[in-house]
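S.K.: Residues per chain, in single letters:
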Amino acid sequence: MAVRTLTELLQGAFPGDDVSVEDRTGGGDHFQVTVTSARFDGLSLVEQHRLVYDALASPLADGTIHELRIKTKGST
Amino acid sequence: MSELHDQIKGIIETEDVALFMKGTPQFVMCGNSHRALEALRRAGAPVTAVDILPDPRIREELSALSGWPTIPQVFVGGELVGGADIVEELEASGELEQTLREKLGDEYRGAGEERVVAVA
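Chains A and B, in that order, give the protein sequences. Mapping the first sequence onto this note's numbering, position 23 (from 1) lands on 23, and the numbers just tick up by one. Mapping the second sequence onto this note's numbering, position 36 (from 1) lands on 36, and the numbers just tick up by one.
One thing to keep in mind: the hints can contain errors.
Unchecked claim - Just so you have them, the derived chain B footprint on chain A, three or more residues with Cβ under 8 Å: (1) 42-51; (2) 65-73.
To be verified - Pairs of lysine-lysine residues, derived as BS3-like cross-links and limited to a Cα-Cα distance of at most 27 Å, are as follows: (3) B/Lys103 to A/Lys71; (4) B/Lys9 to B/Lys103; (5) A/Lys71 to B/Lys22; (6) B/Lys22 to B/Lys103; (7) B/Lys9 to B/Lys22; (8) A/Lys73 to B/Lys103.
None of these hints come from the bench; they were simulated from the model. Glycine included, C-beta positions come from ideal geometry on N, C-alpha and C.
Please work from the sequences and hints to get the whole structure.
M.R.: Below, the structure is given as structure tokens:
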């Protein structure tokens with residue numbers, strides 16, 4: 001359930017880009033998200049991860065996400 | 001501004017390498033804090049650790065200052081380097097050592113022992 005919510009949020013923030021969300025423990029609160037987007041090109045890793053955090057601000061704030069791992073990739 | 005805010009800001013600005021984590025290096029309470037600490041240790045960083053768990057306001061003030069929502073948070077020379085994923089990635093590529101050298105000088109490995117400071 002949460003995987004779907006997170007996936008939809010990321011797809012909304014990164015339309016047309018490659019987005020994956022994995023529930024690392026099966027408990028619905030530890031996630032690995034991977035986003036590949038041309039929006040990351042030329043950005044520092046901090047800036048890239050901030051874009052992902054912005055997209056997931058709501059589940060981060062309400063406790064849905066207990067632990068989040070982020071992998072970002074640019075288009076090149 | 002609160003005293004806590006000033007304390008956290010002071011640590012970020014004055015410590016060579018500040019690691020805000022859950023637990024302490026001797027007793028780590030979270031997997032991601034452990035990952036960040038180990039990556040910093042591999043790079044030989046002189047870590048000053050701050051445990052955010054004793055008071056929820058520490059985390060609130062920290063995230064308000066940094067604009068970063070999760071723990072751990074690593075700062076080198078006053079600048080946010082990132083959380084566990086970024087620090088691990090930078091360590092693996094050699095960029096973490098490069099950043100440490102740029103910010104702290106070539107002799108950063110001898111700059112100090114790992115230590116813990118308490119806030120609040």
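S.K.: Could you run down the list of hints and mark each one as holding or not?
M.R.: Cross-check of the supplied hints:
{"no.": "1", "hint": "42-51", "verdict": "holds (count 4)"}
{"no.": "2", "hint": "65-73", "verdict": "holds (count 5)"}
{"no.": "3", "hint": "B/Lys103 to A/Lys71", "verdict": "25 Å, holds"}
{"no.": "4", "hint": "B/Lys9 to B/Lys103", "verdict": "18 Å, holds"}
{"no.": "5", "hint": "A/Lys71 to B/Lys22", "verdict": "22 Å, holds"}
{"no.": "6", "hint": "B/Lys22 to B/Lys103", "verdict": "25 Å, holds"}
{"no.": "7", "hint": "B/Lys9 to B/Lys22", "verdict": "18 Å, holds"}
{"no.": "8", "hint": "A/Lys73 to B/Lys103", "verdict": "26 Å, holds"}
Taken one by one, the earlier hints all hold for this structure without exception.
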